[in-house]
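Chains as they are written, first to last, in the working numbering: chain A, 1 to 273; chain B, 1001 to 1273; chain C, 2001 to 2273; chain D, 3001 to 3249; chain E, 4001 to 4249; chain F, 5001 to 5249.
No lab work stands behind these hints, which were simulated from the structure alone. Treat the hints with care, since some could be wrong.
Dumping the calculated DSSO-like pairs for lysine-lysine here, alpha-carbon to alpha-carbon at most 27 Å [unchecked claim]:
| hint | chain 1 | residue 1 | chain 2 | residue 2 |
| --- | --- | --- | --- | --- |
| 1 | A | Lys254 | A | Lys175 |
| 2 | B | Lys1088 | B | Lys1164 |
| 3 | E | Lys4241 | F | Lys5048 |
| 4 | D | Lys3241 | C | Lys2172 |
| 5 | B | Lys1088 | B | Lys1048 |
| 6 | C | Lys2088 | C | Lys2175 |
| 7 | F | Lys5134 | D | Lys3241 |
| 8 | A | Lys175 | D | Lys3048 |
| 9 | F | Lys5204 | C | Lys2248 |
| 10 | E | Lys4123 | B | Lys1057 |
| 11 | C | Lys2164 | C | Lys2203 |
| 12 | A | Lys48 | D | Lys3048 |
| 13 | E | Lys4134 | B | Lys1088 |
| 14 | C | Lys2175 | E | Lys4204 |
| 15 | C | Lys2172 | C | Lys2203 |
| 16 | A | Lys10 | D | Lys3134 |
| 17 | A | Lys5 | A | Lys172 |
| 18 | A | Lys203 | D | Lys3048 |
| 19 | B | Lys1090 | B | Lys1172 |
| 20 | C | Lys2175 | F | Lys5204 |
| 21 | A | Lys90 | A | Lys11 |
| 22 | B | Lys1248 | B | Lys1010 |
| 23 | A | Lys57 | A | Lys10 |
Given the structure is predicted, the values throughout are model-derived calculations rather than measurements.
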Amino acid sequence: MTEQKRLLSKKEVNQSHLIWYLAAETNNSYERLQAPSFCAAMARNLRKIYPNDEDYKEALQRHLEFYNTEGTIGSVVVGIALAMEEEKAKGNLTGDVITGIKLGLMGPIAGIGDTLIWGMSKAILLGLACTFALQGSPIALIFPPMFSILIFVLGRYTCNLGYKLGSEAVPKLLKSGTMNTLITAASVLGLFMMGALSASYVKVATPLNWVISSTGAAIGLQANLDAILPGMLQLLAIFGIYWYFTHKGQNYIKLVLTILLISIVAAFFGILG
Amino acid sequence: MTEQKRLLSKKEVNQSHLIWYLAAETNNSYERLQAPSFCAAMARNLRKIYPNDEDYKEALQRHLEFYNTEGTIGSVVVGIALAMEEEKAKGNLTGDVITGIKLGLMGPIAGIGDTLIWGMSKAILLGLACTFALQGSPIALIFPPMFSILIFVLGRYTCNLGYKLGSEAVPKLLKSGTMNTLITAASVLGLFMMGALSASYVKVATPLNWVISSTGAAIGLQANLDAILPGMLQLLAIFGIYWYFTHKGQNYIKLVLTILLISIVAAFFGILG
Amino acid sequence: MTEQKRLLSKKEVNQSHLIWYLAAETNNSYERLQAPSFCAAMARNLRKIYPNDEDYKEALQRHLEFYNTEGTIGSVVVGIALAMEEEKAKGNLTGDVITGIKLGLMGPIAGIGDTLIWGMSKAILLGLACTFALQGSPIALIFPPMFSILIFVLGRYTCNLGYKLGSEAVPKLLKSGTMNTLITAASVLGLFMMGALSASYVKVATPLNWVISSTGAAIGLQANLDAILPGMLQLLAIFGIYWYFTHKGQNYIKLVLTILLISIVAAFFGILG
Amino acid sequence: MSVLLIAVVSGLLYFLGTSRIGYGLSSAIGAPVTLGFVFGLMFGDPIKGLILGASINLLYLGVVFTGGNVPSDGCLAACIAIPVAFQLNLDVDTAVTIAVPFGILGSFIDQIRRTSNLIWLHKADDCAAKGDQKGIYWCAMIYPTIVAFAIRFIPVFVINMFGANVVQTILTYLPQFIITGLSVAGGILPAIGFAVIIMSIGRKELLPYFFMGFFAVKYLNVGTMACAVFGICIAALMYFKSNKKGEVA
Amino acid sequence: MSVLLIAVVSGLLYFLGTSRIGYGLSSAIGAPVTLGFVFGLMFGDPIKGLILGASINLLYLGVVFTGGNVPSDGCLAACIAIPVAFQLNLDVDTAVTIAVPFGILGSFIDQIRRTSNLIWLHKADDCAAKGDQKGIYWCAMIYPTIVAFAIRFIPVFVINMFGANVVQTILTYLPQFIITGLSVAGGILPAIGFAVIIMSIGRKELLPYFFMGFFAVKYLNVGTMACAVFGICIAALMYFKSNKKGEVA
Amino acid sequence: MSVLLIAVVSGLLYFLGTSRIGYGLSSAIGAPVTLGFVFGLMFGDPIKGLILGASINLLYLGVVFTGGNVPSDGCLAACIAIPVAFQLNLDVDTAVTIAVPFGILGSFIDQIRRTSNLIWLHKADDCAAKGDQKGIYWCAMIYPTIVAFAIRFIPVFVINMFGANVVQTILTYLPQFIITGLSVAGGILPAIGFAVIIMSIGRKELLPYFFMGFFAVKYLNVGTMACAVFGICIAALMYFKSNKKGEVA
Ligand SMILES: OC[C@H]1O[C@H](O)[C@@H](O)[C@@H](O)[C@@H]1O
Ligand SMILES: OC[C@H]1O[C@H](O)[C@@H](O)[C@@H](O)[C@@H]1O
Ligand SMILES: OC[C@H]1O[C@H](O)[C@@H](O)[C@@H](O)[C@@H]1O
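Bound conformation, chain A alone (with noise of 0.2 Å):
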C-alpha cells in the first residue's frame, strides 16, 4: 500500500469504528452472524467511495455476506475493508479478493480476540471487581466500566491501524511471533490471576473429624488436609471439573445438576459442609 493521499479522513474512519462499536453484536443471526452490523458499519464510507449508485448497491451486497468475528480486535478488519474498497474504487481491486482477506481474517482474529479479550481481559477485570465486591468495597465498581473503555480505545486503535496498512500489513502482524509472544504473555496472566482468584473463591471443606481415645481431643480432617496442601479440595474440585470437560464433553446442565447432586449427598452425610 503506497504513502498515497488516502480518500477517508480520520475522522470518517472512526465513525465506521463507532457503527461497529454500537451495533457489532445487535443483529447477531443464525444465519450470517455480523453480516448486517458489518455492512452498516461500511456504509456511510461506503457512499463516499462510490458516489456511483451501482457500485455502492454492489459493495453493500458485498458487505452483507457472512461474517463473524471478535469485535474488538475485528475493528482491524473495517479499517482494511474501506482501504481495500478505496482500491477497488481505484480499479486495483476486484470484490473477490475484498471478500476472500475478510473470510481468511475472521478466522484467526476471533481466535485471538476472544481469547485476549473476553477470556482474560474480561475475566481478569471482573474478577478484580468481585474481589472488592466481596470485600463490600464499592471500588468494585472501577473494573467493569474499565472493560467497556478498553474495547473501545483497542477496537479504534486497530479499526485506524488497518485502514493504515491495509490489506497486506495485517496478515504479516499474524504470522510474526508478536502475536503469539502477546497470546502467551497473556495466557501467564490470565493463568496466574485464576489460581488467585479461584483460591480465594472456590469454597469446599470437610466437617469430618475424629476422636483421639486417650485424650478426647477432636481432630479435624480438614486441619490435616491444610497441613499437607493446603486447598486440596479446591483444586480437586476446580480439576475434577477440569477433567469432566476434556473428557467427558461440555455438558453444561448435566454437570450442574451432579455437583448439584454430589454436594446434597456428600452434605447428607455430612462429608462437606
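For chain A, the structure is supplied; the task is to place chains B, C, D, E and F with the ligands on it using the hints.
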C-alpha cells in the same frame, strides 16, 4: 525394533521388574555388584525365550557378569535386555552385543538415577517428612512410603518402556536434551528445597553480647548479625563444610571430629551455645 | 601478546594502580580532565621502561593528552598502557597506536563504569545504608566502606588484567556478550532495588477525606487509593519526574522549584500533607 | 417495595445488560457484580448487593460467546436471583444455587433472539439492493433492539412477579440437609468458571502459573490485586524478552 | 520396659531398614524419621519419637549409595541413639551427637555384608551352569538376606543391651561445657547433609536457587511445604520451556 | 557547643568528603549518611544524625558524575543542613528541604575547583618536558588538593558561622502551610534520585523489575535488605543463564 508380535506379555515383563525391585541390592557384592540380582530378574523369562537348555544356561551366565546401576531408572535395562535376548533367540544379535549395551548404559543411568532418585527425590520427600515430624505431626509418615511407591511405579514404567523400545531408542533418549533438561529442572527444585530445609534445620547462634556503658543495655551480637543477613552463621557452617569437602577431600570422620572439637571449644569460651 | 617474560612485576603494576586510585580525580580539569592523573599513574613505571631520558619525556607527554574515563573499570587502561609502552620500547608499536587505543577505550569503559559502579553499586550500597540508618541502626556504617573497598579491589584486578592481556584481548571482551550480560543483570538488580527503596522512602499521602451523610463516618481518600494500588501517589511522583526529565530536559533547579511550589500549594489547600 | 416495581426494574436491567449495544458497554452493565450494586441501591443495601452480585459473577467469569453462542447467561441469573435473595433475605450460597438454573435458561432466550434476527437480516438484503443506507442502519441496530427488548423484558418481568413467593414456598418445605447441600454447591459452582478458563487457555505447559497464583494466595496471604500487579510484571517481562531476541533479559 | 525387648526390637528394625528388600521399601522403613515413630510407639510417646527421628534423619538427607558404598548409615544411628535417648530422657541435640559415631560404624557393617555376599555370588555361578533357576533366586535373595539378618541384628542387639548404661555413666561425668558443645554440634551436624547435596548436584550456576530457598524461609516465613510447591512449579516451567524450544513461555 | 567548632568541623568534613582522594574512599566519607553519623557523634545523638544523614542521602542516590560534572552535591547539602538541624532541633523533612539549595550550590563550587586545576595541568606539562617525575606527582595530587582545601573549607565554614541564626529567623516568620509544604516537598524530593536512576539505566523493557521491587515492599512487607538478597539471586541466575547458552537453566 519393528512392530512385530512380541514374545513376552506385559505380565511377564512385570514379573522381571518385580524380582528386580525386590532383589536389586540384596546380593550386592564387591566382585560383581548387582550381577546375581540382574540374573535373577531375567531368569524366568529367559527360560521362555530359550526352551533349549544349553542356550538357557549360556544366557544365565551372561547375566551373571559384572553389572551395576541405579535400580529405579535402571529398570529400563531389564526391559531392554529382555527385548535383546528375544532378538538373539531369533538370530539377529550375538551375546556380546547384549553385554556391551548393558555395560554402556549402566554408567550414565547410574548417574541419572543417583541424582534424581537418591540425591533429589529421597532428600526432598524425607526432608518434608522431617518438617512435619519436627512440628510433632504424624503427617510426616505419609512421605517415606511415597518414596517406595515412586521407585516401584517409575521402575515398572521404565522396565516396560525398555522392553517396548528395545536397544535402539533408549541410548538416543539419553543423548537427547530431554534428560539434561529433566536433571536441570530437578537440580533447581533440589537446591531450592535444600535452601529452605537448611534455613530451618541447621542451627548455629552466638550468645555473645556487650553492654553499652552509657545506658547499661545489653546488645546481642546475634541480633545484629540477623539484621545484616539472617542465617549468616548457618550459611557459614554449610559452605564451610562444602569448602572442606571440595578442597580437603571427603573425609567424613575427620570432618565430624573437627565439628565436635570446634563446637566444644566454642562452647567453652561462650562463643556458640 | 606472547607469553614472554614481562618487564614489570606485579608489585610495580600495583603501584601504578595505587597512584591511579588515589589521584584519578584530584586534578580533573575542564581542559584535559584526567590527563595529569593518568600520567602520574604511569610515571614511575615509564622510567623503568625507558631508561633513555628523551624517550621517557616523550612518554610522559603522551600520557598528558586528553583522557577521561570511569576510574574503577578504567584501571584496565592503565594496565594496557603499561603493556603497550613495554612493546613500544621493543619497537613493536608507535606512540600513536597507544594514544589511539586509549581514546578508543575510554568512552565505552566510562559508560560501563558509570553504570555499574556509580549508577548501581553506589546507589544500592548507600541505599541499604539508608535503610538501616532510618531504623536508627549503626549497621548502616558497614556499607559506605564496602563501596571504597569494592572500587579498590576491582580496580586492582582490572589493572593487572589489562597488563596481562595487553591491548588485544580487552577490546574483544568489550565486544563479546559478557559485558552486555553483566550490565543487563546489574540493571535488573538496580531497578529491583530502586523499586524497593523508593517504595520505602518516597513519601506522598493525601489527608483528604469525606463524610458519609447517612452514617457520619469519615472515609479517607488515601485508604481507598491504597486499596486500589498501594503507593499510587509515590509512583505518580517518581514517574512524573521521570517524564519531566525525559520530555522537558534535565533542568534540576527548575524541577526542584516546581516540586516546592506544588508542595506548598497542595499544603495550602490541604490536598497533601 | 412493590413487587411490580421490582419486576419492571429487573426486566429493564436484563434488557440493558444483554442488549449488546456497544459490545463491552453492555457487558459492563450486565455483569452480575454491577447488577448487584444497582439492585442493592434499590433495596437500600448496596454493599449486600455487591456481595450477592460478585458471588454470582464468579460462576460466569469464564464464559466466552464463541461463534455467537451463549453457553450460559449470568445476566439472567443475576436479574432473578438477586431480587429474590433480597426479598427473602437469603444467604449468599443459596442465592448462587438459585441463580444457576436461570443462567442455563438464558442460553435459550438468546437463541430466540438470534432466530428472530433473521427477519431483519433479510430486510437488510432488500435495503442493500436499493442502496438504502438508513434502512441498513435500522436493520442492523434499531429493529433488532426493539424486538430484543420484548424478548428480554417479558420473561424476567413475569418471573419476578411470582419468583419470590415460589422460592419461599419451596425453601420452607426443604429438609435441612438439602439447604446445606445447596450451600455446598454454591461454594463449588464457581469452580466451573475457573475450569472453563483453564481449558480455554489450553496451554498445559503454562499450568504451573495457575498453581503459583493459587498457592501465592494460600501460603503467602497475597490478595488478588497484588497477584494482578505481579502477574502483569511477569507477563510484561516475558513479552519484552521474546520480542527482543538476541537481547539478554 | 525390659532392656531385652528394646534390644530385640532395635535389632529387628535395623535388619528391616537395611535389608534392601524392595529397594525403596527398605529405605522407607529404615529412614530415621520412620524408626523414630516406631520407637516412639514402643516407649509410649510417638510424637517425641518423630522429633528424635527427624533430627537424626536431617544428618543423612544427602547420603547416596553411589557404586554400592554406604558412606554413613543413618539407620544404625537411629536404632541406637533413639532407644538410648528414650531410656535416659535425653534432649534432641545430645541424641543427635550420640547418633553420629554409629552412623560411621554402619559403614563398616555394610562392608562385611558385601564381602559375605561373595559366597552366594559364586554359588550362583554354579546354579547358572546347571540352569537352576530356583537356585539363582535363592542366591540372589534368600541366602544373602539370612546372612544379613545375623550381621545386622547381632551388633544392634548387643549395643542396646548395654548402651543406655554406658551413655548414662559418661554423661554423668561430663563437664557442662562439653554437654553444651555436643548440643552445639548437634545443631551444626545437619549442615553436612546439605553440603553433600549441594556438592553432589554440583551446578554452581544454579546455586542462587539454594539462596532463594534459604532466604524465602528467613525473610518471608514460608514453610518448607510451601517451598516444595513453588519449587515444583518453577522446575516444571523450566522443564516445559526447554523442551518446547521455539515456543515462547 | 561553640559555633566556631561546628563551623571548623563542617568545613573539614566537606573537604574530606569531596577531596576525591582515593576515589571511592572520599565518596564513602562524603556520603550524607556517613556525615550524619559523624555530626551526630559531635552533637551527642549519633542515631538522630544517622536518620538526618540518610534522609538527605536519599536525594542523591542517583547522582553520577558523568564526564566530571557534578550535577548536585549531597556532601555540601549534608555539611550545612545537618548541623543546622541539630542546632535548631528541626524535624527531618525540614532539614531535607534546607539541604536542597545547597546541593545545587555545590555544583558551582566544583566548577571553581576544576577551573583552578588548569594551573596545575599546565605546570604538569612543564614537568613532563623536563622528565620531572616528582613534579608530576605534585601537580596531579598535592597542589590541587591544597587549593581544593581552601575552595571547600571556606564557604562551608562561613555559612555555618551564620547559618543557624538565619534559618531560625526565617522559620519563625514562615506561616504554617509553608512549613507543611516544605515537609511535603521533603517527602517527594527523594523521588528525583530514583527517577534519575531509572532514566540512567534506561532499559524500558526491564521496568517491570522496578515495579516488582516496589510492590514486593508494598504488598509483601519485605525489607530492602531482603530485596537486595533476592535481587542478587535473580541477577546472578540471569547472568549465568545468558553466559552459558546451550545450557538449560
Ligand atoms: O467467536 C467470535 C465471536 O463470535 C460472535 O460474533 C460473538 O459471540 C463474539 O463475542 C465472538 O467474539
Ligand atoms: O551408583 C549406582 C548404584 O550403585 C549401587 O548399586 C547401589 O548403591 C545403588 O543405590 C546405586 O544407585
Ligand atoms: O563519566 C566518566 C567519568 O568522568 C569523570 O572522570 C568523573 O566524573 C568520573 O566519576 C566519571 O566516571
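Now for the hints, and whether the structure bears them out:
1. Lys254(A) to Lys175(A): Violated - the C-alpha atoms of Lys175(A) and Lys254(A) are around 39 Å apart, more than 27 Å.
2. Lys1088(B) to Lys1164(B): holds (16 Å)
3. Lys4241(E) to Lys5048(F): violated (52 Å)
4. Lys3241(D) to Lys2172(C): Holds - the C-alpha atoms of Lys2172(C) and Lys3241(D) are around 26 Å apart, at most 27 Å.
5. Lys1088(B) to Lys1048(B): holds (13 Å)
6. Lys2088(C) to Lys2175(C): Measuring from Cα to Cα gives roughly 25 Å; hence the hint holds.
7. Lys5134(F) to Lys3241(D): Violated, at roughly 55 Å.
8. Lys175(A) to Lys3048(D): Measuring from Cα to Cα gives roughly 48 Å; hence the hint is violated.
9. Lys5204(F) to Lys2248(C): holds (18 Å)
10. Lys4123(E) to Lys1057(B): Given pair Lys4123(E), Lys1057(B) holds - Cα atoms ~14 Å apart, limit 27 Å.
11. Lys2164(C) to Lys2203(C): Violated, at about 50 Å.
12. Lys48(A) to Lys3048(D): violated (53 Å)
13. Lys4134(E) to Lys1088(B): It holds: about 24 Å lies between the C-alpha atoms, which stays within 27 Å.
14. Lys2175(C) to Lys4204(E): holds (26 Å)
15. Lys2172(C) to Lys2203(C): With a Cα-Cα distance of about 46 Å, the restraint between Lys2172(C) and Lys2203(C) is violated, given a limit of 27 Å.
16. Lys10(A) to Lys3134(D): holds (22 Å)
17. Lys5(A) to Lys172(A): holds (23 Å)
18. Lys203(A) to Lys3048(D): With Cα atoms ~19 Å apart, Lys203(A) and Lys3048(D) stay inside 27 Å; holds.
19. Lys1090(B) to Lys1172(B): Holds. Lys1090(B) to Lys1172(B) sits at ~24 Å (cutoff 27 Å).
20. Lys2175(C) to Lys5204(F): The hint holds at about 23 Å.
21. Lys90(A) to Lys11(A): Cα-Cα ~22 Å, so holds.
22. Lys1248(B) to Lys1010(B): violated (50 Å)
23. Lys57(A) to Lys10(A): With a Cα-Cα distance of about 24 Å, the restraint between Lys57(A) and Lys10(A) holds, given a limit of 27 Å.
The structure shown violates the earlier hints numbered 1, 3, 7, 8, 11, 12, 15 and 22.
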